[in-house]
Structures are given as structure tokens and as C-alpha cells.
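Chains A, Z and Y: place on chain G using the hints.
4 protein chains.
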Amino acid sequence: MSGRRLGPGRVEAFTDGVVAIIITIMVLELKVPETGNLHALIGSAPVLLAYVLSFVNVGLFWNNHHHMFSAVERVDGRVMWANLFLLFWLSLVPFVIRWLDESAFAAGATAAYGIVLGLAAIGYSLTERAIIACNGKESAVARAIGSDWKGWGSIALYFTGVPLAFVSRWFAIALYVAVVALWLIPDRRIVRAFEGELRG
Amino acid sequence: MSGRRLGPGRVEAFTDGVVAIIITIMVLELKVPETGNLHALIGSAPVLLAYVLSFVNVGLFWNNHHHMFSAVERVDGRVMWANLFLLFWLSLVPFVIRWLDESAFAAGATAAYGIVLGLAAIGYSLTERAIIACNGKESAVARAIGSDWKGWGSIALYFTGVPLAFVSRWFAIALYVAVVALWLIPDRRIVRAFEGELRG
Amino acid sequence: MSGRRLGPGRVEAFTDGVVAIIITIMVLELKVPETGNLHALIGSAPVLLAYVLSFVNVGLFWNNHHHMFSAVERVDGRVMWANLFLLFWLSLVPFVIRWLDESAFAAGATAAYGIVLGLAAIGYSLTERAIIACNGKESAVARAIGSDWKGWGSIALYFTGVPLAFVSRWFAIALYVAVVALWLIPDRRIVRAFEGELRG
Amino acid sequence: MSGRRLGPGRVEAFTDGVVAIIITIMVLELKVPETGNLHALIGSAPVLLAYVLSFVNVGLFWNNHHHMFSAVERVDGRVMWANLFLLFWLSLVPFVIRWLDESAFAAGATAAYGIVLGLAAIGYSLTERAIIACNGKESAVARAIGSDWKGWGSIALYFTGVPLAFVSRWFAIALYVAVVALWLIPDRRIVRAFEGELRG
Numbered sequence: 008m009s010g011r012r013l014g015p016g017r018v019e020a021f022t023d024g025v026v027a028i029i030i031t032i033m034v035l036e037l038k039v040p041e042t043g044n045l046h047a048l049i050g051s052a053p054v055l056l057a058y059v060l061s062f063v064n065v066g067l068f069w070n071n072h073h074h075m076f077s078a079v080e081r082v083d084g085r086v087m088w089a090n091l092f093l094l095f096w097l098s099l100v101p102f103v104i105r106w107l108d109e110s111a112f113a114a115g116a117t118a119a120y121g122i123v124l125g126l127a128a129i130g131y132s133l134t135e136r137a138i139i140a141c142n143g144k145e146s147a148v149a150r151a152i153g154s155d156w157k158g159w160g161s162i163a164l165y166f167t168g169v170p171l172a173f174v175s176r177w178f179a180i181a182l183y184v185a186v187v188a189l190w191l192i193p194d195r196r197i198v199r200a201f202e203g204e205l206r207g
Numbered sequence: 008m009s010g011r012r013l014g015p016g017r018v019e020a021f022t023d024g025v026v027a028i029i030i031t032i033m034v035l036e037l038k039v040p041e042t043g044n045l046h047a048l049i050g051s052a053p054v055l056l057a058y059v060l061s062f063v064n065v066g067l068f069w070n071n072h073h074h075m076f077s078a079v080e081r082v083d084g085r086v087m088w089a090n091l092f093l094l095f096w097l098s099l100v101p102f103v104i105r106w107l108d109e110s111a112f113a114a115g116a117t118a119a120y121g122i123v124l125g126l127a128a129i130g131y132s133l134t135e136r137a138i139i140a141c142n143g144k145e146s147a148v149a150r151a152i153g154s155d156w157k158g159w160g161s162i163a164l165y166f167t168g169v170p171l172a173f174v175s176r177w178f179a180i181a182l183y184v185a186v187v188a189l190w191l192i193p194d195r196r197i198v199r200a201f202e203g204e205l206r207g
Numbered sequence: 008m009s010g011r012r013l014g015p016g017r018v019e020a021f022t023d024g025v026v027a028i029i030i031t032i033m034v035l036e037l038k039v040p041e042t043g044n045l046h047a048l049i050g051s052a053p054v055l056l057a058y059v060l061s062f063v064n065v066g067l068f069w070n071n072h073h074h075m076f077s078a079v080e081r082v083d084g085r086v087m088w089a090n091l092f093l094l095f096w097l098s099l100v101p102f103v104i105r106w107l108d109e110s111a112f113a114a115g116a117t118a119a120y121g122i123v124l125g126l127a128a129i130g131y132s133l134t135e136r137a138i139i140a141c142n143g144k145e146s147a148v149a150r151a152i153g154s155d156w157k158g159w160g161s162i163a164l165y166f167t168g169v170p171l172a173f174v175s176r177w178f179a180i181a182l183y184v185a186v187v188a189l190w191l192i193p194d195r196r197i198v199r200a201f202e203g204e205l206r207g
Numbered sequence: 008m009s010g011r012r013l014g015p016g017r018v019e020a021f022t023d024g025v026v027a028i029i030i031t032i033m034v035l036e037l038k039v040p041e042t043g044n045l046h047a048l049i050g051s052a053p054v055l056l057a058y059v060l061s062f063v064n065v066g067l068f069w070n071n072h073h074h075m076f077s078a079v080e081r082v083d084g085r086v087m088w089a090n091l092f093l094l095f096w097l098s099l100v101p102f103v104i105r106w107l108d109e110s111a112f113a114a115g116a117t118a119a120y121g122i123v124l125g126l127a128a129i130g131y132s133l134t135e136r137a138i139i140a141c142n143g144k145e146s147a148v149a150r151a152i153g154s155d156w157k158g159w160g161s162i163a164l165y166f167t168g169v170p171l172a173f174v175s176r177w178f179a180i181a182l183y184v185a186v187v188a189l190w191l192i193p194d195r196r197i198v199r200a201f202e203g204e205l206r207g
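Chains G, A, Z and Y, in that order, give the protein sequences. Read in order, the letters of the first sequence correspond to residues 8 to 207 in the numbering used here. Read in order, the letters of the second sequence correspond to residues 8 to 207 in the numbering used here. Read in order, the letters of the third sequence correspond to residues 8 to 207 in the numbering used here. Read in order, the letters of the fourth sequence correspond to residues 8 to 207 in the numbering used here.
These are computed hints drawn from the structure, not numbers from a lab. The structure displayed is predicted, hence computed values, not measured ones. Don't take every hint at face value.
Same chains, same names: a pair is fine if it fits in one copy or spans any two.
Below, a list of computed lysine to any residue pairs in the SDA-like style, where the Cα atoms sit at most 20 Å apart [what the hints assert, rightly or not]: (1) Lys-157 <-> Gly-84; (2) Lys-38 <-> Trp-96; (3) Lys-144 <-> Trp-156; (4) Lys-38 <-> Asp-108; (5) Lys-38 <-> Ile-122; (6) Lys-38 <-> Arg-136.
With the rest of the complex left out, here is chain G (with noise of 0.2 Å):
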């Protein structure tokens, strides 16, 4: 037959526009400090480390994703659709980031990003299972994600913090920081099952 086959392709190129977007969106919502001296800056210092979270975090899932979907053969409906379900949390990443800023992290903002940034994790570990159903358990993706403790990790962590923005907003800033440096460490299990092709 003739046609070109469900790859993996457009759904990388059509995640990498979104997330390209997102990253760069959420500037926009950044106001401009009033005066024009460089003090001015510490005033809009709490949004601008909100934006090097995010920006750090939505990082982290793209990262990762490209890591994961170097792996992958072929695509089905339910990947795509576990994959918009991931993009459709992420692209509410700038409209939590405007609202911390203009409530000043207020609890329920500050909780919001956690609901925001936990069901962006559940998306991508929908994601994972989707592409091992689709790719089979013993294909070379289905290998390299394991166990994914990490995922199962941040969602739990995000969770957490929801409540806890009601106790203590930084309890809950706290969480999320650490599921950033948890997911700092890129992806070393796919890595890993590379390391051979690429190396030797």
C-alpha cells in the first residue's frame, strides 16, 4: 500500500508548537514593573521566579516527552488523545500564572497550580500507557519506561500541595519545587537504552 504511516511525527511536531507557544505565551502575562529603574524588578520578583518555574517545569515535560517519544514506533487514537488531554493542562500553565500574579498567591491560586500542573502529570502518564499499549509491552519504549516511579512521584507531590495552599502557601511552593528538582534528572532510563546505539 501506498500511504505514509501513523508515525510519530506530527504528534511531536504538533506537541512542540504547543508547548513552543506556552513557553512563550506566558511573558505576556508578566506586567511591566512602573517605574523604569532596576529596583523596580524586586517588586515583580515573586512572578518572575512563577515564570522560571513554569518555564522550568514545562521544560521538564517537553524534555522528557522528547526523550520518550524518540522510543516510539507508532501512534493511535488513544495516544493522540491522551496527548491533547497532557497539552490541554499544560495550556492552562499561563492562566494560573496570571491569576498568582494578580492575586498576589493567593491560596486558591497557589492551589490551582497544583491541580493545573498534577493533571498535566496524570496526562503524560496516560500518555506512557497509551504508547505501550499501542507499541507493545515488549517494544523498545514499553523497556525504557519502566516502572516510571518519577510520574507516579510528582502526581502524588502535586496532590499533596493542594490542600496544603490552604495551610501555608509555601508548604505548597515548596512541593512543586520539588517535583522540578526531582524531574531535573533527565530521563536516564531511556537514555540508557540508548547509550549503545548512539555511543558504541
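What follows is chains A, Z and Y alone, placed relative to chain G:
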């Protein structure tokens, strides 16, 4: 001859870019709750649901577009303009969502939502026809597209919703949700045509 | 040598990205009608028509760009900068549309529309010349581009429209519409050059 | 093994997406003249020139990125994070332009422009180093990058401009323009390395 072919690659890439932006900038239209507690989200619930519906709607167009183009072998100017016509109407979705939000789901804005999505559905059908004209009636993609009763059904449902919006907005919204339910089943026609190749 | 070539792929991808964003963010500039009935759209009609005209205009640039680059074999720094010059002027289209809207189609804003699109047309011609210089006068793309009377004609029409905007805005707008009509015929020159390959 | 390699393709595509958005949304920050005549553009001239300078600046980063990555054979996590660091600072360019505009080129905003672009230049150098570490000192890309005096020169010029902005904004702006002049010559080092392949 040494030049490259007018293949579908760049039309896909451009469509991915436009759809990725549409899906992401809709969130820029959402107004942040005025207070910082989670109850404040209840006031934002209607427009958040409109956002979810539109995200799923645009995701559906992209998913079906992905399936259809995976079987396309060549494109011409007519395919490109039919596809641009589709993208034009999709690009108005964020505008209509903002109008729905600011007018508190007024009848005119609810009707406009149906007009915009109905014309996008017509654009999708025009793209299908242009692809069949370009690739031939015996091509894999033409056989895969088949009778397209879902396309005609959704156009009919959207344009039935337009006058109904002036009778009751909830009738119109129910019809719009019905179209999404109709399409949420991924396009089995093309998936089936590929099954032999993908799994066999 | 093991490196990859400086092929046209990434220039195409970057152009697709920029054009996709331009075409989509124009809609962010549109002001929502103040009331919720469909009659309210009549007040928005002029700017909606300016949006349609600009969407078709930017779509034309992209379509012809697509046709031209499908025959390009190599690019160099000059091609990239000529293409960036083209994208710079295209990126100002949303700015001019907003100005047209807020000034209710004042003469200065109408003239600015012609300046911006005229300079974009010059950028397109510069890109054509840079491509011919890089690929050689005997290359497929050089023979396909040929005499380019449409390019020069549209530059002339746009810059005739600029002073006419101060006499009558409708003369200028008529000229801008004439350019679109001129280009709406897809670039048969290059299509013809490929016909043998595509259908033969 | 059946998986695909961690090649540079998706890092390039993601970078293209982010840069395309940055370059395009800067125009959303531009305020439209309050009247409709062309003289009104004179009041907008400083911010329009800042837009031109930034467009050229971001275009330079993209052009050199394109040249460099055309010689890259593999990427790893370090390359991806160095590249994200570069994109992070580039993404703040629209924010600084808006600040320059609203503060009428105040000293603090002018200094912030140098900080943001200086850190972007550091990000570019970090990406170069990560690529050399990943591809080997004897790789085509490592030989092509060579001594990189222009990279270090531009970092030095940007950070010299930051304190100078508080003495005279025009000194600082002159230095920023000098960096652009320095880079406007396309990266001959890598172009030369490819010449044999491209023209030979």
C-alpha cells in the same frame, strides 16, 4: 528532475502550527477570577466549559486532519486553499469564545459559535473533496474517506443550532455538544484502511 | 563529510511558524461586539473584512512561498536574511490592522497598510533573487520563477495606493484588493514545471 | 535496535517554534498611534526602532543557530537544557521591549535589555560547549565553531552596556547596536566548512 515534490508535508506542518496557536491562545482570552479562592472558579465555570468544548473541537479537527493526511500522496493549490479556508474559520474560534464570555452567552454570540464551527466543518469537507480530486478516486485516501456522513451530519447540526440559539441557547449548545460526541470516535474509516499495514 | 546540508527545510519550517502565528494572532486584535446580538457584527464588518483581506494576503505569500521553495535545493545566508526581511514586514500586518480598526480606517493607517505590504512584496522579490543567486540561473527554481511580472506589478500597485490613500481611502483599498486578485491565481509557472513529474 | 536516534531535528523544530513566536508577538506589544495620520508614526519611532533592533537580534540568534545545528549529529540532555536556557532569555525580549516603551527608554529598562540579551548570548555559548562535549572535539561542528571570539565579544559588550545605561542610555544603546553589527556577518566559520560540500 531534481526539485522536490509538492507533497503534503508542509501543509501538515503549517496546519499544525495554526492549530497549535489557536488551541493555546484561547487561554489568553480567559479572564482571571477576581478573588484568590477556588470558589471564584465557579463564576468562571461557563467560559471554562466553553474553553474545554472548543479545545476538544479543535483537537477533533486536528486528529481527523492527521488521519486523513497520513494517506495523502500529493497536494495542489486547491487543497491548500480549501485547507486555508478551514484554518480561517478555526482561527475565529478564540474570537467567538471571548464574545461568549463578555456577553455572558448571549443568543447572538451562541449563534456565531455555530456559524464559525459550521463553516469550519464545510472547510473540512472542501479539503476532503480537493484531496480526492488531486489524488484520484481510486487512491487510498479517497477510498478511506468514503461517504463522509459524519461531515455532512455535523454541518447540518451546526446550522440547525444557529436559529435555535435565538429560541433557547441551551438547545443550540446541546447540538454543539452532540457534534463533538459524534466525532469523538476517531475516524475508524481511515484507521481501518491502515490496520493491515500497521499490525499485519 | 558527515554534517547535514544547509537545505531549505528549516527556512521553510521557520517561515511556516511565523506565518501561522501572524495569521492567528490577527484575530486577537479584533474587538468583540459590545452587545450579544448578531446585528452587532455589522459594526465590526469593516475590520472583519480587513481581517479577511489580510488572511488571504498572508495566505497568498505562504502559498507562493511553498510553491517556490518546493523547487529550492540549497539556501545561504543571503536567502535567510531576505526571507527574514519578508517576515519582518509580514509581522507588522497585525499592527496595521489594529491601527486601521482603532482609527476607523484613517488615511494614514490605510497608507501604512500599503507600505507594509509593499515592503513585504519587495522582500518576496529579494528572496526570489537570493534563491536564484544561490541555486544558479540554470536551476529548476530559476527557470520556474522566470520573469516575475506579478511580483513587480504588486509592488507598483501597493506603492501607488500609498499616496492615493490621502486622496481617497477607497481608491487605495481598491488597489490592495486588485493585488490580491492578481495573486489569487496560484503560481502556475512553478506548478507547470512540476506537472510532468507529478502527473507523468 | 529499532528506536530512532536522539538527533537534532526536534531541538531545531522546537527552537524554530519559540523563536518564530518571540519574533511575532513582539509586535503585539507595540502601541498603535493615537491618530490616523502618518506623522503619528514619528511618536512611535523609538519603540519601532527597538522592535527592528530586537527582530534583527533574534534573527541573528536563529541564523547562527541554524548554521551551527546544520553540522550537529547528536544531542543529549545537556544540549537541550543549554538550548532551553538560551530560549528562556530570548523569551524575555518582548517583556523588555514593552518595558522600554512604557518607561520611555528609562535607564533601568535599558540596562535590563543588556542583561537579557547578555544572558541569551551566554546561553548560546553554553549550547556551543554542550554540543562540542556531545559530538566530540574532533567532530565537524567542533572544528567549525572554533575559537568563538564573537560570542565572547558580544557577552562583554552587553555587560559593559548594563552599567553604562545609568550614565547615558545612548552609550548603552550604541553598544547594543555594535553587537548586532558584529554578528550581522553570517557565521563564516561554519559556512566555510561546508563550502566544499555545498559547491564542490
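**Message:** Taking the earlier hints as the rules, which of them does this structure contradict?
**Reply:** As far as the earlier hints go, only 6 is violated by this structure.
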